[in-house]
Amino acid sequence: MSYKHIAISESQVPRARSPLLQHLLETYASETNKVISVWSEFSAGDLAFRPHPRSGSVAEIMKHQLLSERRFFGEFLGSPEPLPDQVLPARETPGEYARRMLELALPRLSFLSSQQEDWWIEEAPFFDVKRQRIWIFWRRVLHT
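Taking our numbering, I'd label the letters of the sequence shown as residues 98 to 241.
These aren't lab readings, by the way, just hints derived from the structure by calculation. Mixed in with the good hints, there may be bad ones.
Within a straight-line C-alpha distance of at most 20 Å, the following computed SDA-like cross-link-like pairs (lysine to any residue) qualify [what the hints assert, rightly or not]:
| no. | residue 1 | residue 2 |
| --- | --- | --- |
| 1 | 131 | 165 |
| 2 | 227 | 237 |
| 3 | 101 | 134 |
| 4 | 131 | 240 |
| 5 | 101 | 200 |
| 6 | 160 | 180 |
| 7 | 160 | 181 |
| 8 | 131 | 180 |
| 9 | 101 | 197 |
| 10 | 131 | 151 |
| 11 | 227 | 239 |
| 12 | 227 | 216 |
Let the hints inform the model, and build the full structure from the sequences given.
Shown next, in the form of structure tokens:
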């Protein structure tokens, strides 16, 4: 895909240990680029906006995205992640949320690229059930 703001270039996407799994890394990088590109269109004045009275604000959605990815990758896939209280940016601006998203995504790409095929099909705890790691990964990506 082509986005106005490209945070992760094709050359920054690491090679998967298994070529069969390269599409996972490319998809996660593309989804990260999509989110960062959208976030980059907002201004600080937009953060309190709610598309509907019952929906979250722009700022709440950005916070949820960062914290939710941290939980999925850290707790369910075993990726090294910062503590929850270290995830959100110090300054709450769209640019800082986007910068933080990139800072968190790049190490995840490296972690995921180093995994063997067997690791991906092993079951891991997912809330109150067990699922294959590849299922957990796609659940996260589809949630974006």
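Against the structure, test the hints numbered earlier, and report the numbers of the ones violated in rising order.
8, 10
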